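Going left to right, the sequence shown walks through residues -11 to 319 as the numbering used here numbers them.
Treat the hints as calculated values from the structure; they're not laboratory data. Model, not experiment: these values are computed from the prediction.
Here are the simulated EDC-like pairs of lysine to aspartate or glutamate, each with C-alpha atoms no more than 20 Å apart in a straight line:
| no. | residue 1 | residue 2 |
| --- | --- | --- |
| 1 | Lys319 | Glu308 |
| 2 | Lys319 | Asp66 |
| 3 | Lys276 | Asp199 |
| 4 | Lys52 | Glu286 |
Pair ranges (Cβ atoms, derived):
| no. | residue 1 | residue 2 | range |
| --- | --- | --- | --- |
| 5 | Ser128 | Glu308 | 27 to 35 Å |
| 6 | Pro261 | Glu201 | 35 to 43 Å |
| 7 | Glu288 | Ala137 | 47 to 55 Å |
| 8 | Ile259 | Lys319 | 15 to 23 Å |
| 9 | Gly240 | Glu64 | 54 to 62 Å |
| 10 | Asp115 | Lys136 | 17 to 25 Å |
| 11 | Ala238 | Gly168 | 20 to 28 Å |
| 12 | Glu288 | Gly168 | 41 to 49 Å |
| 13 | Asn57 | Ala289 | 22 to 30 Å |
| 14 | Ser128 | Lys241 | 20 to 28 Å |
| 15 | Gly290 | Lys241 | 44 to 52 Å |
| 16 | Thr275 | Asp66 | 19 to 27 Å |
| 17 | Leu69 | Gly240 | 47 to 55 Å |
| 18 | Ala289 | Asp61 | 23 to 31 Å |
Even for Gly, the Cβ is constructed at its ideal location relative to N, Cα and C.
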Amino acid sequence: MKFINKLTKQSLAVLLCTAMVFSVSGCGSKTANVPDAYKLNSDIFGLLHTGAGEISENHLLGTKFCIANEDIDNAEVDMSLAEGAGLFDITNGETVYAKNVHEKLYPASTTKILTAYIVLKHGNLDDIVTVSQDNVALESDSSHCGLKAGDQISVKNLLYGLMLKSANDAANVLADYISGSTESFAELMNEEAKLLGATNSHFVNAHGLHDDEHYTTVYDLYLIFQSALEYDEFREICGSTSYTASYQDASGKNVSVEWSNTMQYFTRNKIPPEGVTVLAGKTGTTTKALSCLVLLSENEAGEEFVSIILKSQDRGVLYEEMNDLLEEINK
-11 MKFINKLTKQ SLAVLLCTAM VFSVSGCGSK TANVPDAYKL NSDIFGLLHT
39 GAGEISENHL LGTKFCIANE DIDNAEVDMS LAEGAGLFDI TNGETVYAKN
89 VHEKLYPAST TKILTAYIVL KHGNLDDIVT VSQDNVALES DSSHCGLKAG
139 DQISVKNLLY GLMLKSANDA ANVLADYISG STESFAELMN EEAKLLGATN
189 SHFVNAHGLH DDEHYTTVYD LYLIFQSALE YDEFREICGS TSYTASYQDA
239 SGKNVSVEWS NTMQYFTRNK IPPEGVTVLA GKTGTTTKAL SCLVLLSENE
289 AGEEFVSIIL KSQDRGVLYE EMNDLLEEIN K
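Turn these sequences into a full structure, and let the hints guide you.
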């Protein structure tokens, strides 16, 4: 359901007051100097929500944002081979662990979380988009989902390609669909990031391939990810192990292809700690960003946590470090 259609004047007032409290003081036991503290996040609180995605009433009213203005160390968490990391209890609004969460780092394909968020906010899942030659003009080693010029494919299918296959061709198609060009979409990315409080980030493309001017922070990425999680469709897409996409090629022939999630908790190459369930996530890897991972998990009590690691030295170390973080959520 579109919750905004059900809001009464009284409930709007309550949400506005709640939003102001969150913006000024944050959640949890610590306080922070938050830039633009009085700028309300209209999308999270449903006041201006439009587009393809639906925000459930329970998610909207239960949203709690964690704050982190300093490192929070834990001797049992070994993050020595990662540049930045954070563990956020989004059920109770508390930051459990923080290392360099405000340091500007390259996000690689975790960028696609923001891309998906913007598409869900501004697009329509049922729209059919035509793939252009420019959309598929990728570097030879670039991740893709095999789109070709002239393909006719739905926005929903593109989002699955974007998040499961980390497809840069899908990212290009979606950027053109929303804004008409990569440059215009990047401008929108920066606008939306600021609205979410992600003020230490700057984006220049929809996919996360390296650019010195394309960066974020662990904390900004947390804000973006938690905001995207308010969309049920985002949770479903990011929590899928595989998806069968159907579309038409340039000749009108039907194409059916299965895309599998490459995240190793879903491929079962890596197992989370006992009592922890990984619900959704996004990986990212480039030469300069190194190995990155963003997860949504829950403990045995059903409490949800966002865990983020940026610039881990390699993929094997990345999952070992992530398990160290996930060990903390059942304590």
